[in-house]
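K.L.:
Spelled out, the chains give:
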Amino acid sequence: MSEPAAIVSLRQSARLRYSLAFFATQFKVGLLTLGGGVAMIPFFRREIVARHQWATEEQFLETLTTALAVPGPLAVSFSTVFGWRTAGLPGAIAGFLGVVTPSIALVAIVAMPLQAHRNNPLLAAFLQGAGLGVVGLVTYTALLLGRRLLSGAPAMLLSVAMLVAIIGFSVHPLIAFLCTCVIATVFDVRFSKN
Amino acid sequence: MLLLKLYIIFLRIGVGGFGGGAGCFGLISHELATVHGYLTQVQAGDLIATATMLPGPVAVNAAALSGFAIAGLPGAVAAILGMLTPLIILAAVAVRLLLGPGSGKGLVNRIHHGLRPGIVALVAYSVYVLAKGRISMPQPMAHIGLDGTILPYAADIIARNGVRLIIAAAALCVFLWKGEKLNPALAILAFGAIGLLIF
Numbered sequence: 230m231s232e233p234a235a236i237v238s239l240r241q242s243a244r245l246r247y248s249l250a251f252f253a254t255q256f257k258v259g260l261l262t263l264g265g266g267v268a269m270i271p272f273f274r275r276e277i278v279a280r281h282q283w284a285t286e287e288q289f290l291e292t293l294t295t296a297l298a299v300p301g302p303l304a305v306s307f308s309t310v311f312g313w314r315t316a317g318l319p320g321a322i323a324g325f326l327g328v329v330t331p332s333i334a335l336v337a338i339v340a341m342p343l344q345a346h347r348n349n350p351l352l353a354a355f356l357q358g359a360g361l362g363v364v365g366l367v368t369y370t371a372l373l374l375g376r377r378l379l380s381g382a383p384a385m386l387l388s389v390a391m392l393v394a395i396i397g398f399s400v401h402p403l404i405a406f407l408c409t410c411v412i413a414t415v416f417d418v419r420f421s422k423n
Numbered sequence: 003m004l005l006l007k008l009y010i011i012f013l014r015i016g017v018g019g020f021g022g023g024a025g026c027f028g029l030i031s032h033e034l035a036t037v038h039g040y041l042t043q044v045q046a047g048d049l050i051a052t053a054t055m056l057p058g059p060v061a062v063n064a065a066a067l068s069g070f071a072i073a074g075l076p077g078a079v080a081a082i083l084g085m086l087t088p089l090i091i092l093a094a095v096a097v098r099l100l101l102g103p104g105s106g107k108g109l110v111n112r113i114h115h116g117l118r119p120g121i122v123a124l125v126a127y128s129v130y131v132l133a134k135g136r137i138s139m140p141q142p143m144a145h146i147g148l149d150g151t152i153l154p155y156a157a158d159i160i161a162r163n164g165v166r167l168i169i170a171a172a173a174l175c176v177f178l179w180k181g182e183k184l185n186p187a188l189a190i191l192a193f194g195a196i197g198l199l200i201f
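Note that the protein sequences, when read in sequence, are chains A and B.
Quick note on our numbering: the first sequence kicks off at 230 and runs consecutively.
Quick note on our numbering: the second sequence kicks off at 3 and runs consecutively.
Don't read these hints as lab results, they were simulated from the structure.
Here the structure is a predicted model, which means the values were calculated and not measured.
Any given hint might turn out to be false.
[Claimed, not checked] Estimated spans, in silico, between C-beta atoms of each pair:
id	chain 1	residue 1	chain 2	residue 2	range
1	A	Thr285	B	Ile137	45 to 55 Å
2	A	Val389	B	Ile137	13 to 23 Å
3	B	Ile91	A	Thr330	16 to 26 Å
Think of the CB as a built atom: it goes at the ideal place given N, C-alpha and C, for glycine as much as any other residue.
Based on the sequences and whatever the hints tell you, model everything.
P.N.:
Spelled out as structure tokens, the structure:
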């Protein structure tokens, strides 16, 4: 099976010009989308599949699945993988910088006043409320992921065991994570319905 | 030297950063507050809450904000580069291995399945870390050890944190109710506004 036409034609024609256009769309989505990586994916799809037709729907989904196997924020891994796939190194750099640059710029603008007013009681109250909201949000994410990703008892036991190791026995989270992944991959228990 | 250290800390966070922003929060707070003491747990929690409200990938925002808080703009760049170095390398590997000719779909599948229990536990750990910064929890052993029940322990936590627990629980209910139709950044902004009214 060869690569579908959309992507082959990009390889032969101007890779750099494509990379610049790709950078611009990723920059735009990164700058304008509130709600993190998961919220950005539908906007990427609209730009890449519907508007510019750089890839077919199927290629888009294939790239997304591959990006999920790479650690780090989903939006960045998606952009980088898509860039690699379509235009090699220039494409990967364009995708990576396109998503990351707006973040650095915004943080540079926001972080300074935030630190200057760190002891302002109004800011503290605002962040206390927002922080408690985030506790709810992350709990929701944990429940959602647990329901979607864990179906069998072995998988659940492994998750709980990892959590107990970190919290109860002060194992470094990263070491616990790597051990869990190795155990789960080696024994290849069917962890999910799909 | 500090920049190099930041880079290496975030390199570690990046290696384990499967599961997007929510999975990174626990690692960021663990490394910066618990292990290295650059920030307090509350500061780390505030930065993470701010990251959630800014546009763009939340994990990148959180890395940039905490890098900035520790070492200014160079710190932000060091943190982002550290966190994303494994991503850049593995993205190249993934494209070669998984999308090239003769790619191993079976391998992807196996890795995906193998990562799942770990990802869920990482996100659950983030919940624990973030809640610990906001909600004061007494040492569990002092309560559980003697009579073998956790009820008094739970009652103690509720007595200490009434309003804060209610807000966090309300947030959870709103997300459970609205699901993915609710934009998380806007919802968190709204909870910040509620915080202004209450605290």
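K.L.:
Going back to the hint list, which numbers does this structure go against?
P.N.:
none
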